[in-house]
Each structure stands twice: as C-alpha cells, then as structure tokens.
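Undergrad: Starting from the known structure of chain A, fit chain B onto it as the hints suggest.
Going line by line, the protein sequences match chains A and B.
So in our numbering, spot 263 of the first sequence is number 263, and the numbers just go up one at a time.
Counting from 1 along the second sequence, just add 1000 to a position and that's the residue number in our numbering.
These aren't lab readings, by the way, just hints derived from the structure by calculation.
Some clues are possibly wrong.
To be verified - Just the calculated beta-carbon pair ranges, DEER-fashion:
1) Lys37/A with Gly1089/B: 42 to 50 angstroms
2) Thr58/A with Gly1064/B: 33 to 41 angstroms
3) Glu221/A with Glu1240/B: 41 to 49 angstroms
4) Lys1164/B with Ala92/A: 42 to 50 angstroms
5) Glu245/A with Asn1093/B: 43 to 51 angstroms
Said to hold, decoys possible - One side of the interface only, derived from the structure: several residues of chain A facing chain B at Cβ under 10 angstroms:
6) Lys2
7) Tyr102
8) Asp107
9) Asn128
10) Lys130
11) Val134
12) Ser150
13) Val176
14) Ser192
15) Phe205
16) Val226
17) Leu273
To be verified - Below are the BS3-like pairs computed for lysine-lysine, each with C-alpha atoms no more than 30 angstroms apart in a straight line:
18) Lys48/A with Lys271/A
19) Lys181/A with Lys251/A
20) Lys1078/B with Lys113/A
21) Lys2/A with Lys1164/B
22) Lys1002/B with Lys251/A
23) Lys2/A with Lys1078/B
24) Lys1037/B with Lys78/A
25) Lys1164/B with Lys48/A
26) Lys260/A with Lys1164/B
27) Lys1002/B with Lys1048/B
Glycine included, each C-beta is placed from N, C-alpha and C at the ideal position.
Protein chains: 2
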Amino acid sequence: MKFRRSSRLVDMTNYLLEHPQHLVSLSYFADRYDSAKSSISEDLTIIKQTFEQQGIGTLLTVAGAAGGVRFIPNIGEKEAREFIELLCGQIANPDRLLPGGYLYLTDILGNPKLVNQVGKLFASVYSNRKIDVVMTVATKGIPLAYAVASYLNVPVVIVRRDSKVTEGSTVSINYVSGSTKRIQTMVLAKRSLNEGSNVLIIDDFMKAGGTINGMISILEEFNANVAGIGVLVESEEIEERLVDEYISIVKLTNVDVKEKQINVNQGNYFKFLKSNEVFNIDDIDMEE
Amino acid sequence: MKFRRSSRLVDMTNYLLEHPQHLVSLSYFADRYDSAKSSISEDLTIIKQTFEQQGIGTLLTVAGAAGGVRFIPNIGEKEAREFIELLCGQIANPDRLLPGGYLYLTDILGNPKLVNQVGKLFASVYSNRKIDVVMTVATKGIPLAYAVASYLNVPVVIVRRDSKVTEGSTVSINYVSGSTKRIQTMVLAKRSLNEGSNVLIIDDFMKAGGTINGMISILEEFNANVAGIGVLVESEEIEERLVDEYISIVKLTNVDVKEKQINVNQGNYFKFLKSNEVFNIDDIDMEE
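Isolated chain A, as found in the complex (with noise of 0.2 angstroms):
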C-alpha cells in the first residue's frame, strides 16, 4: 500500500519513537510505505528538524550499505530545567515529611509522566555511553529503571533484599548500610546478568550511598562494569559519601522535621547533561 507524505511522518514519528536507538535502514521505511528512498530521506529531515526544535530528540544518520537512522531521545536544556524546577516545588512541600526525617515521595514515583520525564533526564545523559542494561533495587527504584531502559532500549535487572524461588538460583551480598550501618543482603538471580555487561545503575534515593555500593559489589561478583549511577534524589546531610561519580536530578539540604521545613535544590544534573558530547557512531549494530 502506497502512504502519502503526511501518512508517512505521523507512522514514521510514531515507529522512531517506539524505538529508540534502534538503527533502521531506509530500505526498511521504503518497503513499509511502498515510496522511494529519496521521499523517505526528505522525511526523516522533516523529522530530525521537528524532533531537535522541539526538544523531542535527534535523528543519527548512518551512511553506507549497512547505515540508516536512529532516534536518541535527548530532551532540551530548558525543558529540562523547566520539568526539575516543578519537580523541586512539589518535593518541597513540608506535608511530604514523615517522622525521622524521610520523605514521602510516593505519589511522585507512582505517577508514571514524571517517572518517563525522569527516565528522559537520564537517557539523555546515558545515551552516549555503552549500556547493556539497567539495574535498580526493589522495589521504589523499579519504574525509575524502566523508564530509563525504554529510552535507552536495554533490558532491566531487579536486585532483591531476598531470594524468591521464581527467579532460579542466585548470587548474594552483604553490604553496610551507609547511614544506620547495619549489615544488609542483596541477592541478584544468576540468569538475569551476563558476565562483562555494562550496567547503568538507577534508584529513587541516596544518602550515604550504602545501597548504590551494594549494587556495585553485587556487579563485581558477575564481573560487570559500573557504566553509570543515576539517582532521582540526593540528601546532602552526609559526611561521607560512599559513591563517587553519579547523576542526581533533585538535592535535599536542610531537611527540619521540627520546624517542617524541607530544602530542595537542583542536583548536579546540569554538569553532565552540558557536557553531553556528540554521540559516537562507530559502534553501532544494525537491527532492522
């Protein structure tokens, strides 16, 4: 069936989207609508222009036998700052604090456009790195992570506090908690990461980093490699931080259960996505 132009850039725009960093040849747009290869490249410029003006994205084009184009996701700067100043206003509203000091975030975490938002902040920023799959803890840090990895078009793994018998044999830790510094387990299945993988870790919260470097021992006992940490929220009251290089978008300083006050500040989020450099094409596998 033969698509018109105007049919062509809905179904186009709708294909690169659902599959982000996918390489798609134009031989594979040409069959699909039936048009020539000159029509669908004048498309995907149409395409690149929008997506870039409109902070949806960029279109790589590959060039060669073997080359055809792909969609990184990449939101703007000033949606970016936009969409964390309204995230740091809702942080910050005093009713969020809960006895000891912590902070309910429930309602952000269980409200899956922001979730997605969030996931585009850190594909953004991931998307020019090597990441074989995303790992988080259960259970808060679970729709953060897979947000992320349908950006970023990788799998998820899901370290557990204990084993269940769905998940086959496993390898296990412990680790010290950072703030209470009680000894903790973390159990991973064995089947759900392979050896050498380059692994993005993602979690809701850090504060001294005790659990993030849990997940780094566990990645070491599968000899993975740490790609990347990414955290929606850093608390700041930490004398000693057990995690060195990480993303966090929202940073909390001064949380006062007494006087109900809680400060909500921008994490270091800027300096990475600023220096975001172009993505690199050399390694690129063609799957369509």
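TA: What follows is chain B alone, placed relative to chain A:
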C-alpha cells in the same frame, strides 16, 4: 513561530502519543503552531486515519466550546494476535522450568518493550471503563502496572508485603494464599489511595488468585471499587479459582517438570478485546 503542516504532523503525533487520554483543545494546538483551527482539524484527520490504519489507536473528537481531541491507544486485533503468539512461543521454552513447577519469567518482565506492549494490550480493553488508578503488589507486577497506567494516564499504587518508614501510616490486611493456604499480610500506605477510587488490578501471574483476592480485600478497606483485573499469565491447573472476572494474556496448562514440558496458549484476552464497546465521551474532563 509558524509551523508548516509537515512539522505540525510530526510534533502533534509526538504530543498526542505522550498525552494519551487527555482532552486537548483545538485552540491549544492552534496557539502552539500559530495556525488556523481549520488547518489543525485537517492535520488531526490525517493523524486519526494513520493511527487507525496502523493499529496505533484512535482520536476521539469532542464537539463544542469545551471540545477537543483525545488520543486513545488501541492495539489492532491483528497486532495483538501476533504479539501474543510470539509471547506464547517465548514462554513455552522448557529452560524456563524451575524446581517446584515455577516458571522463570524475569527476562520477559525485564524487557521494557515487551512490558510496554502488554500494557497497551490491557489499556486497549480498559480505556472505555472509568479507571482512576492501577494497583499491583510488589515486585514483579510493578513494570506491567506502570505500562498500563502510562497508556491510561492514571497513577499507580503499590501494595507491599511489609510496611516501610517512607510510606507514612498504612492499612494492613491478612489474606489466605490460594495455593499454599498460608496466611499472609498486605500493606498499603493510607495516603496512596482515595476513597471511592475505581481501581484496575494488574499482576504478572495468577494461580488460585489468592494474591489478587488480597488486593480486593484491601480495596474494601479503602472503600474503593474493583474496575478490572488483568494478569499476564494464568495457570490453569486450579480446581477452584478465587477470582471471577479477569483478563489473562497467556494461559499455562500442563506444566510437567519431569518431562520438561509446558503448554502455553493464549488467555481469555480476545473475549474482551472484541466486546470493546464504543467509548463513552459523556464524562470527559477538560484538561488542556
């Protein structure tokens, strides 16, 4: 800034896909693109035709001053059949058999693309019912619940097996596991669910239905209503099911650990996809 039709089509497609179930006024698009409403109307006609033809979903037009357009994600029957067949094939792999007749599904549940597609299957059935929130129980159902909720544009609440300090005060219930007959506990944060909410329950696996029954009991404590139940996999070898009306994507029969054999068939999904009534536009709220 003025947009040409081609750029409008690309950006509107992205906007609609990112805002499922929202009612967007024509004025919003007219302002966004500095274009006449008549042009926007023509754009929407093209998008609607392409979405329907390609199994992406449909656009509902609501006439009048408070009117606009609403994107309803809706998988085509053909795409749904192909996808479920593929899923059955993957699940039937005898390597998935674990001791005790359990099935390893972690890789499938760890694949965001598969998970999103399952979310679209459920959303296609439930988009014409009044759903305020999607509920699941930690941990395996979480990614599915977010995928469904994303397409339905509603929040997710997660029931836990234990209470956490970061959730504030909670309501807990005891329930009887259907297959092992053991007493178990479920906990939900008080703040996370409003009275009278219409709740879609989503889970990855259902044997006798004890866990889902537990979620139904906890909804009673919140005076909330069960608006639907969806499970990815149901196991058929159950004499007495505790749950009546549910939708399953895949059904297991004849799991034989000794012979290393699993029979996997499609679940009852198509009974519900076919009976999908025309969407009721009477109770649409204006959001944009």
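Undergrad: Next step is simple, just say for each hint if it's right about the structure.
TA: Right, here's what the structure says about each hint:
| no. | hint | in the structure |
| --- | --- | --- |
| 1 | Lys37/A with Gly1089/B: 42 to 50 angstroms | violated, 33 angstroms |
| 2 | Thr58/A with Gly1064/B: 33 to 41 angstroms | holds, 39 angstroms |
| 3 | Glu221/A with Glu1240/B: 41 to 49 angstroms | holds, 43 angstroms |
| 4 | Lys1164/B with Ala92/A: 42 to 50 angstroms | violated, 22 angstroms |
| 5 | Glu245/A with Asn1093/B: 43 to 51 angstroms | violated, 39 angstroms |
| 6 | Lys2 | violated, 12 angstroms |
| 7 | Tyr102 | holds, 5 angstroms |
| 8 | Asp107 | holds, 7 angstroms |
| 9 | Asn128 | violated, 19 angstroms |
| 10 | Lys130 | violated, 18 angstroms |
| 11 | Val134 | holds, 9 angstroms |
| 12 | Ser150 | holds, 4 angstroms |
| 13 | Val176 | violated, 19 angstroms |
| 14 | Ser192 | holds, 6 angstroms |
| 15 | Phe205 | holds, 8 angstroms |
| 16 | Val226 | violated, 19 angstroms |
| 17 | Leu273 | violated, 20 angstroms |
| 18 | Lys48/A with Lys271/A | holds, 26 angstroms |
| 19 | Lys181/A with Lys251/A | holds, 22 angstroms |
| 20 | Lys1078/B with Lys113/A | holds, 28 angstroms |
| 21 | Lys2/A with Lys1164/B | violated, 57 angstroms |
| 22 | Lys1002/B with Lys251/A | violated, 39 angstroms |
| 23 | Lys2/A with Lys1078/B | holds, 20 angstroms |
| 24 | Lys1037/B with Lys78/A | holds, 28 angstroms |
| 25 | Lys1164/B with Lys48/A | violated, 46 angstroms |
| 26 | Lys260/A with Lys1164/B | holds, 21 angstroms |
| 27 | Lys1002/B with Lys1048/B | holds, 23 angstroms |
Against the hints set out earlier in the document, violations occur for numbers 1, 4, 5, 6, 9, 10, 13, 16, 17, 21, 22 and 25.
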